[in-house]
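Enquirer: Chain by chain, the residues:
Protein chains: 2
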Amino acid sequence: MPEFRQNRATKEWIIIAKERAKRPDQFKLRRKKKKEFPPFDPGCPFCPGNESKTPSEVFSLRKGKRWQVRVIPNKYPALASEGQFLIQREGFFIKARGIGHHEVIIHTPGHNRSLGSLALSQVEKVCLTYRRRYLDLEKDKKIKLIIIFENHGETAGTSLPHPHSQLVALPLVPASIRHLLEEAMRYYDDHGCCVFCDMISQELKTKKRVVARTEDFVAFHPFASRTPFETWIVPLKHNAGFGSITESECRKMAKILKATLQMLDKSLSDPDYNLLIRTAPIKDAQEDYYHWHVQILPRLSTPAGFELGSGVFINTTLPEETAQFLRERKAKKGKPT
Amino acid sequence: MPEFRQNRATKEWIIIAKERAKRPDQFKLRRKKKKEFPPFDPGCPFCPGNESKTPSEVFSLRKGKRWQVRVIPNKYPALASEGQFLIQREGFFIKARGIGHHEVIIHTPGHNRSLGSLALSQVEKVCLTYRRRYLDLEKDKKIKLIIIFENHGETAGTSLPHPHSQLVALPLVPASIRHLLEEAMRYYDDHGCCVFCDMISQELKTKKRVVARTEDFVAFHPFASRTPFETWIVPLKHNAGFGSITESECRKMAKILKATLQMLDKSLSDPDYNLLIRTAPIKDAQEDYYHWHVQILPRLSTPAGFELGSGVFINTTLPEETAQFLRERKAKKGKPT
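From first to last, the protein sequence lines are chains G and L. The first sequence maps to residues 1 to 337 in this note's numbering. The second sequence maps to residues 338 to 674 in this note's numbering.
It should be emphasised that the hints constitute simulated quantities derived from the structure, not laboratory data. A few of these clues could be false.
What the hints assert, rightly or not - In silico SDA-like pairs for lysine to any residue, Cα to Cα no more than 25 angstroms straight-line:
id, chain 1, residue 1, chain 2, residue 2
1, G, Lys75, L, Thr639
2, L, Lys432, G, Ser176
3, L, Lys371, L, Gly447
4, L, Lys479, G, Glu19
5, L, Lys355, G, Ala175
6, G, Lys35, L, Lys372
7, L, Lys432, G, Phe93
8, L, Lys476, L, Ala512
9, G, Lys141, G, Ala175
10, G, Lys35, G, Ser159
11, L, Lys372, G, Pro303
12, G, Lys35, G, Leu160
13, G, Lys141, L, Glu340
14, L, Lys544, G, Gln88
15, L, Lys545, G, Arg89
16, G, Lys95, L, Pro640
17, G, Lys95, L, Lys476
18, G, Lys18, L, Ser496
19, L, Lys432, G, Gln324
20, G, Lys34, L, Thr639
21, L, Lys432, G, Cys193
22, G, Lys141, L, Met338
23, G, Lys144, L, Glu519
24, L, Lys432, G, Phe313
25, G, Lys95, L, Leu634
26, L, Lys544, G, Phe313
Bear in mind the structure is a predicted one, so any value in this text is a computation, not a measurement.
Given these sequences and hints, build the entire structure.
Expert: Here it is as structure tokens:
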């Protein structure tokens with residue numbers, strides 16, 4: 001019998017339909033072999049030596065003359081940095097100039113080093129860079145929401161294989177984010193507590209869906225996971241906005257992020273995924289009802305007409321089982337380094 | 338300069354970023370060659386002669402002994418038909434038995450005939466079958482919303498190539514649909530008119546984005562299209578629920594649906610797409626503020642981290658240009674038959 005499950009934070013329902021399923025260990029088998037990339041590609045604009053092929057750097061972390069993490073404006077930006085944001089009418093229709101920021105965060109000089117496979121010190125630099133760019137762009141008065149994300153692999157929508165994240169700073173709060181905040185606010189009204197705080201305390205109590213835990217963060221497969229192996233990494237300390245993160249917390253975030261990505265990588269042979277930092281709009285950064293977190297969505301299934309038409313996702317595996325599968329593999333192979 | 342556009346019905350923003358773009362005529366070129374299928378596949382459970390390989394038929398349209406359109410329960414249903422729907426607590430978490438209906442509507446005995454390539458009389462039969470199943474399942478008191486959709490092609494999420502649509506009848510109204518209805522309701526409060534009615538009257542006035550028009554329906558590329566060549570087919574007569582459609586209106590729907598799909602097929606060489614019938618929840622079927630319509634989303638781009646994190650889609654072409662491109666091709670090649 002299939003099962004509906006509600007994500008209490010977003011109020012989304014998902015369907016667990018195990019009859020349509022593969023067991024957790026079968027996801028690895030059905031995937032096509034991935035392209036292998038060399039450690040350096042002379043034609044790649046993100047590889048060292050090709051810096052002149054990209055727009056001018058806005059930030060970098062360096063060791064001597066060499067950059068270790070590099071941030072550049074997107075060469076084909078979805079939004080332009082200069083200009084005033086103003087909503088306009090065109091008769092019945094509503095539009096605005098595409099103002100905002102769109103940056104690329106190059107994780108490493110290495111062309112073929114995925115985020116999870118980097119040394120911990122390098123993942124720390126990536127997280128510290130996320131923080132730096134967030135704090136810098138947050139100062140721009142027209143910016144309302146900052147989205148940081150990584151598209152890993154071709155099916156996850158990346159066009160350049162050199163490991164990188166992106167940052168889009170929006171001058172508006174999209175409707176879907178407003179709805180998310182409203183649902184969280186309602187939960188707060190009803191329970192006097194942040195729904196994410198309640199969720200993590202439940203997850204830590206049952207442990208069934210937890211895949212990694214540190215003093216400051218917990219990683220788990222949510223009760224109402226949209227896709228197999230969906231993973232949330234949530235800071236234990238309540239904060240609505242990502243901008244609240246300290247440098248020392250960035251290092252702790254790097255540790256659990258690396259461990260989580262490494263587990264996925266080893267168990268599913270480097271799956272394509274989208275990684276998102278889900279943070280409150282800037283004006284809501286101090287609120288009690290939202291809680292920033294990292295969401296990792298492996299691309300193991302294709303959302304199709306039903307998902308598009310209903311917003312309800314069909315997941316063919318139980319998150320309890322995928323989490324157990326990862327924990328058992330980890331126990332067998334020893335702790336990821 | 339990129340542009341934000343708001344879908345006034347859903348309140349979603351999209352970004353038109355032409356700098357990242359292909360021209361409308363380039364979409365055809367970049368697509369991989371599609372697999373060709375034979376007219377009959379002895380191993381296909383949906384081909385005539387293999388009826389015993391599927392669950393028992395729930396409906397069919399026949400000519401003599403042969404079926405022309407056939408409806409069966411999905412062999413691996415996302416929801417089970419029998420049982421009571423009841424929302425339950427599991428400590429903090431909320432779940433329910435996966436009750437509902439999940440059916441497959443086989444469009445034609447022909448293994449390789451896409452919906453747009455069928456004879457008009459056959460497309461009419463498909464639309465009449467949509468109506469029949471909708472009206473039948475609507476009678477089930479536990480059903481709150483019926484989603485009818487077609488996943489055409491592998492990238493659109495189909496697993497069996499034999500042309501078919503699916504129907505999922507849900508015992509709940511998903512959060513995203515509630516939000517959609519609320520936005521439409523607010524527009525109605527502010528303007529005393531259905532936002533979709535206003536939208537189609539604007540589209541018919543400017544004609545810029547219209548690609549097909551009959552006495553009863555209009556097909557256009559929405560002002561805030563999520564993807565290149567997104568198409569809405571909207572009945573001119575206001576009705577919130579698809580269940581209001583008459584048999585004669587089904588035939589008219591078939592005509593514009595065939596013309597629209599044929600245009601897309603010829604201009605983009607049979608693109609993969611998702612087709613959705615977007616209808617109000619059953620209890621809202623008589624409301625003044627919602628308006629059922631068909632949404633066709635060609636799979637010409639991959640929604641990635643930004644779309645997942647913000648709900649904002651980046652479209653690389655102007656709907657005015659894609660619509661003009663289709664109209665010009667139609668004018669050159671004569672009216673689709």
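Enquirer: Against the structure, test the hints numbered earlier, and report the numbers of the ones violated in rising order.
Expert: 7, 17, 26
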